[in-house]
Structures are given as structure tokens and as C-alpha cells.
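Q: Below are the chains, spelled out letter by letter.
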Amino acid sequence: MILQVVKRDGRRVDYDIQRIEDALFKAQAQTQQRGLKADFDVSRMASWVEEHLSKDKPELEIEIIQDTVEKTLREKHQDDCAKVYAMYRNERSKQREIRGSLMKALEQLTFQDEGSVKRENANIDGNTAMGMMLQYGSQASKRFAAHFLLRPEHAELHDSGAIHIHDLDFYAMGTLTCCQIDLVKLFENGFSTGQGSLREPQDIQSYAALAAIAIQSNQNDQHGGQSIPAFDVAMALGVRKTFRTIIREMGELLEHLSDAERDILNQIELEDKDSMLDPKLSRLINKALLKTERRTYQAMEALIHNLNTMHSRAGAQVPFSSLNFGTDVSVAGRMVSEQLLKAQEAGLGNGETPIFPILIFKVKEGINFNPGDVNYDLFRLALRVSAKRLFPNFSFLDASFNQVYYQAGKVETEVTYMGCRTRVLGNRCGEAQVNGRGNLSFTTINLVRLGIEHKGDWTAFDEMLDLRLNQVLNQLLTRKAYQARKQVKNFPFLMGQGIWRSSDGLKREDYIESVLNEGTLSIGFIGLAECLVAMMGQHHGACKDAQRQGLRIVQKMYDFCEVKSIELNLNITLLATPAEGLAGRFTQLDRKRYGVLPGVTDLEYYTNSFHVPVHYKCSIVDKLNIEGPYHAITPAGHISYVEIDGDPAQNVDAMEDIVRLMRSTNIGYGSINHPLDHDPVCGYRGVIDGDRCPQCGREEDAVGFQRIRRITGYLVGSLERFNPAKRAEVEARVKHGTTR
Amino acid sequence: MSNTVRLADRTAFSSVDGAGLRTVIWFQGCVHRCKGCHNPSTHDLHGGEQFEISAVLNWIRSLHWKKVTFSGGDPFLQAEALYALVSALKQEGYDIWVYTGYTLDQIKKDSNMVKCLNHIDVLVDGPYISELKNPNLKFRGSSNQKIHYLTKMP
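Chain order of the listed sequences is A and B.
Using the numbering used here, the letters of the first sequence map in sequence onto residues 1 to 740.
Using the numbering used here, the letters of the second sequence map in sequence onto residues 1 to 154.
Simulated from the structure, these hints should not be mistaken for laboratory data.
Treat each hint with caution, since some may be false.
Unchecked claim - Just the calculated beta-carbon pair ranges, DEER-fashion:
hint : chain 1 : residue 1 : chain 2 : residue 2 : range
1    : B       : L63       : A       : G537      : 24 to 34 Å
2    : A       : V687      : B       : N118      : 27 to 37 Å
3    : B       : K109      : A       : R548      : 56 to 66 Å
4    : A       : R692      : B       : L63       : 29 to 39 Å
5    : B       : S62       : A       : E463      : 35 to 45 Å
6    : B       : S111      : A       : K342      : 43 to 53 Å
7    : B       : K35       : A       : D691      : 34 to 44 Å
8    : A       : R593      : B       : S130      : 48 to 58 Å
It should be emphasised that the depicted structure is a prediction, and the values quoted were computed from it without experimental measurement.
Note that beta-carbon positions come from the ideal geometry of N, C-alpha and C, so glycine has one too.
Based on the sequences and whatever the hints tell you, model everything.
A: In C-alpha cells, the structure reads:
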């Protein structure tokens, strides 16, 4: 006699034939609904099932009972109904699986300290309560999106590792990736964060504070980075107001001034400071200037502190902030750039290197690049600070593909980058300018897999790449259609405060569909190097033929984007994908499929986009010459890194030489990596080889050394928070400065 | 006059051997034997490899980079070869640094060595003394070593 049934989760319930009858009844109804045969008596069928069940066991597993139902139906010539019943079982078990895998992921987050789930993103601290909460949510929404929002074919491509749909956990929210915020426009009439309104700021300290608030507020409406295109120009307005206030106050306080002198002080502006010939007034103006400079420094210092400490996303993460600057030649604009750099150089409270904001110095001939240019001094200062603090990075307004958009006097035509590399400038659906625009979403193609599968056969490779490009485009368009159904109220700052281009015309309930087209849809790629090794045995760093093929592949993807942009009248752009979280996933999946292939799947990670593999030895010039041509055909974003050893703070000329080499190889965005170690005990800053400080000679003990490295464009303190694939990548990096 | 030079190695675009990025030619052979030398493999006078001077010059030129450093080893131990290299490169407008374990005074007293000085922009002189080591020094290891700007101050 059967007494109990064991369910899948191990719980036991009393056996009841009625449950078998219920299942049979449902299966019969479903089958008949489809117009198929299911002519049997439910209770008789149930008793036949019962006869088949082994009677001598006191308990039975549910799976066995279900198997028996299916078998009995077939025996009694109810094949259609047996099929429907089996389908229903499959569907149920798939759903159970979804729930099960989610629970497994949550279990990992909860009980395991190691592993890469917690560290998918180097900037989220998964150890904190809010960080963990965020990751629970992320795991659930990622799975929900995969099973209920993605088209099954896209989900399949993603799961198998043929492509990677980025930020899947934000798919359901319909967020757009990132935005370039025009602070000038935002501040003009004040703005509201949703919690309260802010008036137009009146001095540099409020300008800087509100800049941080704007970045933070917008970050809560997006999952990608926040970039300020011309930070110096925006903040200069505040500097001028501060100068005005200071000099007017001086005029009021000094009693021995004549009315004429008072008038002058009431009217003079910062930009006219050198027009004053009267020595007495000139002295006053210089005092006011120094005070203004001091306040500007404090404002920049506070901004950097704010951006490293103010949390977004439920307190688990600081905003991904980037500031582009360096081309404003006005007195106030120069003051902003200089003080920002000096505040960056000084570092945080204990002299730590700031992780944010990512500073991006815009290099432009005739403005700051050459000796004699007005802002050349700022360029040198930027080099010095970068040598010490890893930021700023350098963007090149004269790179051919950036230069075509540049119009003197229109700062919004100067290329803007986001920390991780994103670039949004060209525009089929409006003006080619940077303000209020950003990426909608991006998806990356696993080039390595194509290489492994078509080893040596370029015709087959090209066909498959074409297919992949179309699949990805399709997926991006599907996501865009989903995003389009979101409303202004879903993004109260980005859309509600008119940050996103043309959104100021929309009302709270409006759909955002009408303003999406000025954003970009980007197709990314990863592992060009390993793809080439798989196809032809060599990567593009080591072999000229491979470089030719590499350029051909990327050009082909670029052309696809261009053609489709015209066809669909959208901004579809090719991205040199940064590899956070992805670097290891593709490799693991491919290794499972194809095994360990030397030079292809034998490391923990795939090489970023078009980069020369980090472990390959070549000189700075070779690396830049090889990577340079790819910048022009990856308009959605690109970056080239140069790794040097030693402490470049002692060799700023070398920094300048490297930046000049970047310029001469037509790089759009470049960055110089060097070891940045710090002994908090003696204060030494530079390279610490091994575990002994070269200055005070102490060995690393309970008080550890601070070691900062750059990862996917972001700085990360010590190596602990890297995911395993990225850590392996950092450890394999070869310096280009001493290559022999 | 010798047409060859004994070298330990060469480096393209170093960021730690003088101001800016520099091509570095490492001479083989050294007699100073400083304690804590970071290139002890360059001491053996018969180690390394013999190169035609013209080949070395062509390699340097092939990099299209006009900053070069001679280090070692001690370049002044092969003063004739060093002279051939620096005099040719100086004529082509190269910016030239040389590292040596001799002091500038010692070099000035040696008729072979001294004639190189006219073709060198910057000389970093003196033996490495590990007791005087300081990691914060620019372009040198110990504080007794001096940077002599022979052509112009930076």
C-alpha cells in the first residue's frame, strides 16, 4: 500500500489517487482543445496507473508516478494525450529550473566568499548589506529578463556565449546606458532632484556641489556612466560669479575708494582682470583673483571627495563619473582645469588616489598640445598628475575621426568620452554634438568562437559573422522597442529634468520613444587577438597578415553598422568592448565546448576588443601603431593603454612622449598604466616590488601597502575586488616601456 | 680604430633611463663591481655579443626616435666605440644620455674618454653605493651619483 509521495524538494504528502485524476483531466482537456484525440475515462485511466505503481513500497517519488502516467497513456493508445502531458511536465520542470538556478545563485551570494558572482563589477562592494541586496536583485532580474523578455533565440545566443547582452539585469527597467550631461543648460534655471528644487547656483562652490548632485541623480536613472562634456566651460560660469562677489564685497568694505573706483569694481569681470592699469585697483583685483582661485580649489576638492563617497544605487556604488576638460582658454576656465588637476594630485583625505571622477584631458593642437599654446601649461600639469594618479586620461580632438566634427568656438562639437571608453558624437538623427546624448544599449559578439568554429576558412567565417551581426542588431532593436515603452516618469531626472536631448518637450506620462533616436545602439566585439590565433595561428600584434585580417574583420563590422544606420535611419555604431565580467565568461564557455586551445582558450580571459594581448611583448610604438587604425572604425568607443614600469612621476617627459606617440598614431582616447603603490606608514609613493617598501624598508605586515590598478577603465584599490579573470589579466600584463 | 662594440642588450622606448622615452643601448663589460648592481650580468668583459657599429647605428635609426641612452656595463670601457656612436648620432641631432660608473673628473683625465663628452648631452656619473640608495632620486640609484647637463640645463 502506498502511503506517501516524495516531492522534488523532499517534502512528503499523503498519496491520493484524486491527484492523478486531476492531472489526467487537465491533460485530456488540453489535448481536446487542440483538436486531438483523448477519449478515455479519467477514473479508469487513473486506476490503471495505480495498478502499474509498485504497491509494496510505502513511499514513491513523484517523478516515478509521472513516468507511469505517461507510460499508461501510451499503453492505452492515448499517444496525443501522452505528448501533451509530457510537454506540460517539461514546461513545469523548466520553470522549476529557473527558480532553482536563481536560488543556487542567491545561495552562492549568501554563503560563499570567493568566486566571481560577487565581483562581476569591480566597483560594487558585494560584501556590504546594500551591495548584497543589489546583487540579489540583479540575479533575479537578469533571469527574469532572460526567460520572459528576451526572444528565445537571443536568450539562446547569450546563454551559449555566442554573444553577450550587457546589463541584462537592467533590461526589465528599460534604462538607457549612459548620458553626457550638459551642466550649463541644467543649471540655467535651476533644477529639481525629485526630492527638492535647487535654484541656479551663484558661486563656484555651489556649482561644484550641484554638479555632483546632478551626476548622482542621473546615475539613479541609468546603469552606465555619467560624463560631463566640457566641465571647465560649465564651472567657469561659477568661477566668474565668485570673482564678481568677492570684488564687489571688497568695494563695499573699503572706505577710502572714490565713487569712480567703486564703479569700476562694481563692473569689472574676471576676464578683464589684465585691463586694469591703475596700480591700486590692480592690487585689489589680484587679491580677489587669489581668493577666487582658493575657493575654486576647495570646490574641486569637495567635488572629488563627493564623487568618491556619495552613493547611488541603494548605497552600494558611487556614480561612474567622468569629467572632460582642458580646452577652455578663458581665465576662469583655465582656473577650473588647473585647480581640478591640483585637487586630483593632492588626493583624498589620507592622500589616497581618487577612484572617481575619471578625468579626461582633451588634447588639441593650437590650444594645449604644443609649447606656446595657451593651455600648454595645463597639458604639462595633466601629464604630471596622471603620472602620479593614473588620471587624467587623454582624448584627442585632432584624431581624424574626431576632428571632422570639431568646430572652433562650439564646445559641444568637441569629442567626449566616458571613463570606460564610450563615445557618442556622430548623429544621423540630429546635430552631431555631444550634449544630452548617450548609448541606449550594447551587445558584444564573441569573435573567438567564430574563429574556433571556422578555423582558416574565411568565407565561412564571414558568412557567420554576417549572421551574428544581424542577430545582434535584431536583439538591440528588440530592446530599443522595449525601452521605447517606458515613460518620462520612469526616469524622473534623465527625462523629467531635460537631461536627455529633446526630453524637455515631454510630459510625465509621455513615452520616451520619440527621443531615443539620437542615442546609439552599439555592437561590440571581444577577443580579436584570440580569434586571429584560432583562424591563422598568429595574432595581429605578431604578424602583418593577421593585422590585415584583423583590420578587415573590424572594417566589415563597421561597414555593417554604417549600412544599417542608413537603412534604418538610426545611430548604429561599432564598439571596442571593455571586458568587465565578460572577459572570463566567454572563455569558460568556449573552453567547455572546445577544450584548452593554445593561444586561444588557455588563459583565464579573452583580450579586450582589438587590443594586442597584454602578455605579448612589444614596444610602445609597435603597440600604438597596431592599435591606432582600429580607433577610426570603432566610433562607439575605444581606448588604447600603454603599460610602463618605474614611477613616471619622475619622468613627466616620458609621459609627454607617450601622449605625443598616441597623437601621431591617430589614437582617439588613450591612457597610461603604471604601478601605483603607496606605503601608508612612511608615505612612499611609487613602485613597491615584492613586499618591502624601498623607502623605509619595512615589510608588508598588518598595515598593508595600497596598490591601485586600472581595470576596464576604472581604478580599483588592491587586487582583492577584481574578478578572477581580470586578476589573471592584470598579472599577465607586460610593460611596454622596457621591452627589448 | 675598432668597428665593433660588445653589447649586453638593447631596449626600445624605455621610460626609466633618462628624460622622456629613450632607446637604450646596454654595453657589456664593467669593472666597478658595485654592491647591489641591478645588471650584474653585464659585468663580464667577454660576455654579451659583438656587433658592428654601423649595425647598431642602423638599428637606432630604424626606430625613428631621437632620444638615446648608453648604459651598461660601463660604456666608457669601450671609449672608442662609444665615441663612434655618439659622434655619429650627435651629428644627426640625437639627444644623448650616458650612464657611467666613472666620475666626470676621472673621465676628463683620460684622453680617450674625454673626447666623447663633446657629443653627450647628459652624463650620469659615479658608482652605485647601496648605502646611499634613495628610491626618490630622479634617474639614478644613489645620492652620490650626479646628473651633469653638459650641453644645456633642462
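Q: For every hint, state whether the structure bears it out.
A: Evaluation of the provided hints:
Separation of B/L63 from A/G537 is about 28 Å and conforms to the stated range, judged on CB atoms against 24 to 34 Å. The supplied range of 27 to 37 Å is met by A/V687 and B/N118, whose beta-carbon atoms lie about 36 Å from each other. Between B/K109 and A/R548 the beta carbon distance is about 57 Å. The supplied range of 56 to 66 Å therefore holds. Hint check: A/R692 to B/L63, Cβ distance near 35 Å, so the stated range 29 to 39 Å holds.
B/S62 and A/E463 have their C-beta atoms about 41 Å apart, which keeps the hinted 35 to 45 Å range intact. In this structure, B/S111 and A/K342 meet the distance hint of 43 to 53 Å, their C-beta atoms being roughly 51 Å apart. For the pair B/K35 and A/D691, the supplied restraint of 34 to 44 Å is violated, since their beta-carbon distance comes to about 22 Å. At roughly 54 Å, the beta carbons of A/R593 and B/S130 sit within the given window of 48 to 58 Å.
Checked against the numbered hints listed earlier, the structure breaks hint 7 alone; every other hint is satisfied.
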